[in-house]
Structure formats: C-alpha cells, structure tokens
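All chains, full assembly: derive it from the sequences and hints.
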Amino acid sequence: LQAEFDHLISTEKNLVVVDFFATWCGPCKVIAPQLQKWSEEYDDVTFVKIDVDENDETAEACGISAMPTFFLYKNGKKVDEIVGVINLVLSTLQQQIYLAYLYYSQSF
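The sequence shown begins at 1 in UniProt numbering and counts up by one.
One should not assume that every hint holds.
Claimed, not checked - The list that follows gives simulated cross-link-like pairs (lysine-lysine, DSS-like), each with its CA atoms no further than 25 Å apart:
hint, residue 1, residue 2
1, Lys49, Lys74
2, Lys77, Lys49
3, Lys13, Lys74
4, Lys29, Lys49
5, Lys37, Lys74
6, Lys13, Lys77
7, Lys13, Lys78
8, Lys13, Lys49
9, Lys13, Lys37
10, Lys37, Lys49
11, Lys37, Lys78
12, Lys78, Lys49
Just so you know, these hints were derived from the structure itself, not from any lab.
In structure tokens form, the structure reads like this:
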C-alpha cells in the first residue's frame with residue numbers, strides 16, 4: 001500500500017485529503033460522516049482514508065502518532081497537517097480544504 005500511496009500523492013492533480021484513522025477511534029467515527037459529506041461536495045478534492053492498523057507501514061512512514069490525523073497534499077507536496085478532532089478542527093479542516101481548493105484551482 002505504501003507504493004500505491006506514494007503514487008497517488010505524486011500523480012494526483014486534485015488536492016488530496018488523507019484521513020489516517022483507526023476503526024476503534026471514537027473521534028474518527030464522529031468525523032467520518034462529515035468527511036463523506038465533504039467528499040461529495042468537493043468534486044475537485046480527492047479524499048483518501050487510511051486505516052493505520054491495516055496499513056501500519058504507511059502510517060509509520062508518515063509519522064502518524066494520533067488519530068485522526070489529516071494530511072493535505074497538492075502536486076506531491078504536503079501543504080497542511082491537522083492532528084486530532086474537535087469542533088474547531090472540523091471547521092478548520094473544512095476551511096483549509098476550501099482555501100486550498102480555491103488557491104490551487106486558480107490558473108497561474
């Protein structure tokens with residue numbers, strides 16, 4: 001999976017939001033419906049979920065130590081990282097996705 005992850009990050013033209021989660025993580029379960037909603041709202045954003053227990057190599061390579069953790073990538077580069085979840089983080093994540101979407105969808 002690490003090779004697939006690296007390939008996606010390096011080749012995807014859309015903004016990529018990676019959700020590192022665990023099935024036993026309560027906050028991960030809370031945020032999952034909102035992430036699903038955003039994935040349906042933002043056509044030009046690619047949402048990826050990575051279960052840290054099933055994909056420990058990728059989680060370790062990314063330095064994941066708490067769940068949920070969100071990485072935002074554009075053009076192969078990490079542009080933001082958010083660790084943990086509370087209402088503030090939900091709104092911050094949505095704002096970051098929206099701002100990154102606006103910024104990176106502009107023609108330069």
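Here is what the structure says about each hint:
A distance of roughly 16 Å separates the Cα atoms of Lys49 and Lys74; the hinted pair therefore holds under the 25 Å criterion. For the hint linking Lys77 to Lys49, the alpha-carbon distance of about 18 Å falls within 25 Å, and the restraint holds. Between the alpha carbons of Lys13 and Lys74 the distance comes to roughly 7 Å, so the proposed pair stays at or under 25 Å and holds. This hinted pair checks out: Lys29 and Lys49 have alpha carbons roughly 12 Å apart, not beyond 25 Å.
As the CA atoms of Lys37 and Lys74 are separated by approximately 21 Å, the hinted pair is consistent with the 25 Å bound. For the hint pairing Lys13 with Lys77, the CA-to-CA distance comes to about 11 Å; that is within 25 Å, so the pair holds. Taking the CA atoms of Lys13 and Lys78, the gap is near 13 Å; set against the 25 Å cutoff, the hint holds. The hinted pair formed by Lys13 and Lys49 meets the criterion: a straight-line CA distance of about 18 Å does not exceed 25 Å.
Note on Lys13 and Lys37: the hinted pairing holds, with a Cα-Cα distance of about 21 Å set against a maximum of 25 Å. Between the alpha carbons of Lys37 and Lys49 the distance comes to roughly 14 Å, so the proposed pair stays at or under 25 Å and holds. The hinted pair formed by Lys37 and Lys78 meets the criterion: a straight-line CA distance of about 23 Å does not exceed 25 Å. For the suggested pair Lys78 and Lys49, the alpha carbons sit about 16 Å apart, so the restraint of at most 25 Å is met.
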